[in-house]
Amino acid sequence: MASLFVTEEDLRMEDVQRVEDQRMDEDHRMDVEDATTEPLEDDDDPIVESIPIVMSQLEDRLRQSMHVFQYMERPLSRSLGDEHVQVAIKKESQYVEVRIPVDTSKFYDTERAEGWNGGQEGSGIDEQALQGVLDRTDGGVYMGQVINNRGNGSKTLMIVPIDSTVQLRHSFKYLDDLDASRTVQHRGDTEHKAVTNIQILQTSAKASSQAHGQDGSKKSTLGGSLRLVKKLREEEWAHLAWESSSKLQTTNLKQHLVSSNSEVLTPKTSKEEYLSSLVL
Amino acid sequence: MPSKRPHLDSDMASDEAFLDLLKPTYKGKGLTDEIKTAEDKWNLLPAFLKVKGLVKQHLDSFNYFVDVDLKKIIKANEYVLSDVDPEFFLRYTDIRVGYRSRDGRKVLDGSPHECRLRDITYSAPIVVDVEYTRGRKIISHKNLEIGRMPIMLRSNKCMLANANEEQMSVMQECPLDPGGYFIVNGTEKVILVQEQLSKNRIIVEADEKKGLVQASVTSSTHERKSKTYVITKNSKIYLKHNSIAEDIPIVIILKAAGIASDLEILQLVCGNNSQYQDLFAVNFEEAARLEVFTQEQALNYVGRRVKTIRRAGAPKLSQLQEGIEAILTTVIAHITVSDLQFREKALFMTSMTRRVLMTMDNPKMVDDRDYVGNKRLELAGQLMALLFEDLFKNFNSDFKANIDKTLKKRSLTAEYDALLNIQIHSSGLTQGMNRAISTGNWSLKRFKMERAGVTHVLSRLSYISALGMMTRISSQFEKSRKVSGPRALQPSQFGMLCTSDTPEGEACGLVKNLALMTHITTDDEEAPIKRLCFVLGCEDILNIDSATLHEAGNYSIFLNGTLIGTTRYPIEFVHQFRTLRRTGRVSEFISIYSNSHQSSVNIATDGGRICRPLIIVDPETNTSRVKAEHLVKLLNNEWVFDDFLKYGLVEYLDVNEENDSLIALYDKNLEDKSESYTHLEIEPFTVLGAVAGLIPYPHHNQSPRNTYQCAMGKQAIGAIAYNQFKRIDTLLYLMVYPQQPMVKTKTIELIDYDKLPAGQNATVAVMSYSGYDIEDALVLNKASLDRGFGRCQVLKKSTVVLKKYQNHTSDILQGYRKENESGKIIFPHQAIGADGLGEVGLRIENGQIYVNKYVPTNAHETVAATGQMPQQESHREAPSYYRGPEPSYIDQVMCTTSDNDQTVVKVLLRQTRRPELGDKFSSRHGQKGVCGIIVNHQDLPFNDMGVTPDIIMNPHGFPSRMTVGKMIELISGKAGVLNGSLEYGTCFGGSKLEDMSKILVEKGFNYSGKDMLYSGITGECLQAYIFFGPIYYQKLKHMVMDKMHARARGPRAVLTRQPTEGRSRDGGLRLGEMERDCVIAYGASQLLLERLMLSSDAFEVDVCNQCGLMGYHSWCPTCKSSEYVIKMTIPYAAKLLFQELLAMNIAPRLKLGDVFQM
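First to last, the protein sequences are chains A and B.
Each residue of the first sequence is one higher than the one before, counting from 1 in full-length UniProt numbering.
Each residue of the second sequence is one higher than the one before, counting from 1 in full-length UniProt numbering.
Simulated from the structure, these hints should not be mistaken for laboratory data.
Heads up, some of the hints might be wrong.
To be verified - Straight line, CA to CA, 30 angstroms or less: simulated DSBU-like cross-link-like pairs of lysine-lysine:
#	chain 1	residue 1	chain 2	residue 2
1	A	Lys230	B	Lys225
2	A	Lys230	A	Lys91
3	B	Lys307	A	Lys230
4	A	Lys173	B	Lys236
5	B	Lys530	A	Lys90
6	A	Lys231	B	Lys307
7	A	Lys268	B	Lys530
8	B	Lys992	B	Lys673
Modelling step: build the complete structure from the supplied sequences, incorporating the hints.
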């Protein structure tokens, strides 16, 4: 599943989720190889076909960004339809959450779900939360599609640079909440979850004051990773809109990506320059 | 014979280093001789050694340390901040050793030789550039000296670097000296290469009996070292770490690391393999039983079990935070998590688990700890870096404490210059380095590492012993443990570590030596290689989903043991990577190999791997890429060794990559087209090291004999260095007329043993003579000894320090004193001159003085307090006497001042020794023997040319030792003598026996090397033909004069009144326990009494027969009477025992009976 979104502020939400995960992988592997193997090519690997490469861009690079979402445990056969999907991001921490409705009609234990939800509202769990950290690609990873031109039967490989990739994993917050409420019950109402946060605050404050001890660097990184966790917890979710593949905006965007540019990429660096740029 | 070819050397550069090459023959090869690839690819060897040298690994590693690693350390410990003033900072921006600034001038104290003579440290200043705040300003300061660093000789910071022979001689250095050691307080110290298990790699081991499997990884970072295990227990898998109290079920730790779903865990660990899945399934049950489902639950679970000792003042962390920190920093510490992405760490744990599963499924999938590819060698530079970082941290914390103290006192407005204080601490750095190198104790606080015996004094017994020390590798294994594995010869050692050179006894197989053509890598940057992998089609691990990771045909790519991605085209990937390496785009020392069992491609860039150069074989033509024309270029100095690397003709392979290749030993192997060879050995004799390379025809010897020779070659007396007469060492053995061997090897020429030989070519007759030749004893010819055979000089140094005392008095020297009546110089002063020092050239006998020192009688009180005393009475004699059975000659006297401004007098005493009965000799085949008899020339057998042997060796030495190489050496040597040529006994090559026999026959000798001899006594012809010819003999350092010892009476120990122990203290000869048992068994009671008491510590005591205790003067102090006191003789040790027992409140009472009444 590939997804494409821009932040909420500019209210132009586009989400494409049509190019399946599997396809995706294959595509960008292909173009990475295309770029590299050619100059090194030995003669035992003949060129079967040459496909011109066209690089496409998002319309508004400053405000739009392109990301690949991998939902790893979902088989290819069960791609997402037009479900109501919610997306949220913690921008500072580069953390995304996708909420997908659960099909409660099949293989669904209502009783168990109610138990998990602490019996609140009487309802069960009706959505799955998937979370993941965005990994910046630092360029070099592209999404691509081979497009068959209707008229002459020629092909072009359309590539779009990707800003980051993310692997989504289940978060079972309801279980953790259950645990938390149990602990709270155990301890009475004296302690609250916020207390934890205050403790971390102290940690970082103290750690920084001690950071210049004999092994100051160690202290600061130690505080550093916990600080990241703290920051993540404190940051508010910024909600994004999800556009399924059938929406007009998505189709428009897709169309734009495919047709916005027809300038075929031609290598400008010489083989020698390219090779020496590989290892620096 | 090679055909002649016109030569083209008209306008060759007249660089003097290559003058040798211009000679008609160089290294046994005529300049005009035809160059054939097949036989002359060995020319790469001298080229390799010219670039790399024998001790290149030490130099490389030290250079890397001072040029690269130091800067990294500075970067990691960049800031010094103050607790008191948050505004204050000091930042190190650069560090240099030896150079004050970038003008490139080296700053060193004196030459290395001066340091040796003056007992000072050969070191250079460590200078840093800093930026710091003074008041409100930020000031940058350049070239601040923070200490001194000992400099490795011949490294790029040393004044000997790139010096030619002439410059070396000006500095009184030997041009053949390999360097690679330090001079600390005047002694030459070597940091031995340390062998260790490789870091940050997974090692899987199994105990088949107990059914246990364990994967372990030693994570090593700048900060800490820790070990993480993934183990099986009751066929369930757990993670074990020292700072986690309990073993954590693997599923829980994986959940904690963010892989929350069981499906993903299963996919990452087992892939599609149903056997693995079955084996692993039980672990999910474990986690479910413990009710751990989510990441948070898992983190809490881990957090609850973390053992943390936090420093006082550190905040208490919640369980969850403890858990997060355990995952982030403690477990598998070498993978650092900078953001919230745990995936790399999680994947490392899954790959460990997968390896465990694979081994559970198939026990053959274990790793071999002793496999050389799993070893890393730690060199001087790395050890120095560890030490320096520790000292530098101390330095900074001392400095910070100092700043804090000052800033606390001052008002914040006042300007404070921190640099005023920095130099106070510089002695910590200087002395810390000096102390560690001179004592060999490496103690690192941050790793809690305490290692002793890291450095050794460079053995200068002979040139070869010094060389041998530089190539030595010591293992971290305990010597006492009785395990055979680490000691055994590993097949992977081939070409990397010498197969022969290892000591006998407890360190056997644990101490190894490098082979001739090896290189030890230094660290290379990982990041560009990682980027390159992605460009070459490696899929980033962060983008790969768990389902495809272990799909069939998918190869994981590991960079330095860490999974970075996968590829579906491993062969292509590896091929392209190698192509880039061969074209010089990637460092030649980066290795890449694929492992089909684990479906992985492994890339290594880390330091400490052993590798060696090999010729690349063209895959299409199946021929060596090195052709004759390339070698011509090499010989014409158009090319150097690195050009062969650059043009992709030769490449370095490490042990792991060797497994990916098929290496042909000889050119002739390449003709077999059915095998697709990838590489060709440069020369097979490079499997041996420098020391074993001295042995002629070692491939004809029984292997332990070669090992014995490796030990003995280091004890041979010979020439040490070109500057040997300028040296003043504690003990120096020099051979008077050393000769280069008649039968050489290529190695001998490569390491210049022929220029600094240790031995002589003796004419040997293998026959029985006189009966004084049993048990390998040798018969020596007296005339040969008269002519100088086996003659050596022993030089001993004594140092006298003339101290200066606090009260401004000092030790003084006084000239000789004369007898009052005759005016003759008194006997003890006969060797000294008017200056109170020994006169060079004078003979000095036992009891004579070589430095006539006087010390002040009063060294503590000031002169003013005692009043002005005349100089004469204020000092008393404290001369240094010469002690020795044989007189010596004063060779050199040196006066200098040492570091702390005290005068040092060094006197070198010389003895010339000719061989005597009992002196030890050895040939180069592990055949040692002592001189049994010295026979007059006229009594020795002679051949029809009148030649008598120098040595007669008993033929019984051959059958059991099977040293066929020695016999061939004799024949080759004899042929060489007759032919006027030096012959070669190079391993797996050398002059052929048939050719040698042919020469013998041509010169009218028997082909087998046997001659007809006549008895020197009767003149009759001997009844057998005698094997007769030259063999290179070494004189070993064990000489009778240094060992012979006897005593009738002499000094006794104070405590026990028994004779002292040891030759140096004129000690007695002990009749030990076993000897005592013999005497008892024999019933020789009076002998027993005499040996154990009368000749030892007989003592007369007064025993009171009433109380049983000892008294004195016929008086018992206990009974207050002398009535029952009896005198008797007991050992003093027994009396001592009784008294010691009394002192601990035990009363041993003697009950005496009458001897005559039974």
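Hints, one by one, checked against the model:
{"no.": "1", "hint": "Lys230(A) x Lys225(B)", "in the structure": "27 angstroms, holds"}
{"no.": "2", "hint": "Lys230(A) x Lys91(A)", "in the structure": "14 angstroms, holds"}
{"no.": "3", "hint": "Lys307(B) x Lys230(A)", "in the structure": "22 angstroms, holds"}
{"no.": "4", "hint": "Lys173(A) x Lys236(B)", "in the structure": "28 angstroms, holds"}
{"no.": "5", "hint": "Lys530(B) x Lys90(A)", "in the structure": "29 angstroms, holds"}
{"no.": "6", "hint": "Lys231(A) x Lys307(B)", "in the structure": "26 angstroms, holds"}
{"no.": "7", "hint": "Lys268(A) x Lys530(B)", "in the structure": "24 angstroms, holds"}
{"no.": "8", "hint": "Lys992(B) x Lys673(B)", "in the structure": "28 angstroms, holds"}
Taken one by one, the earlier hints all hold for this structure without exception.
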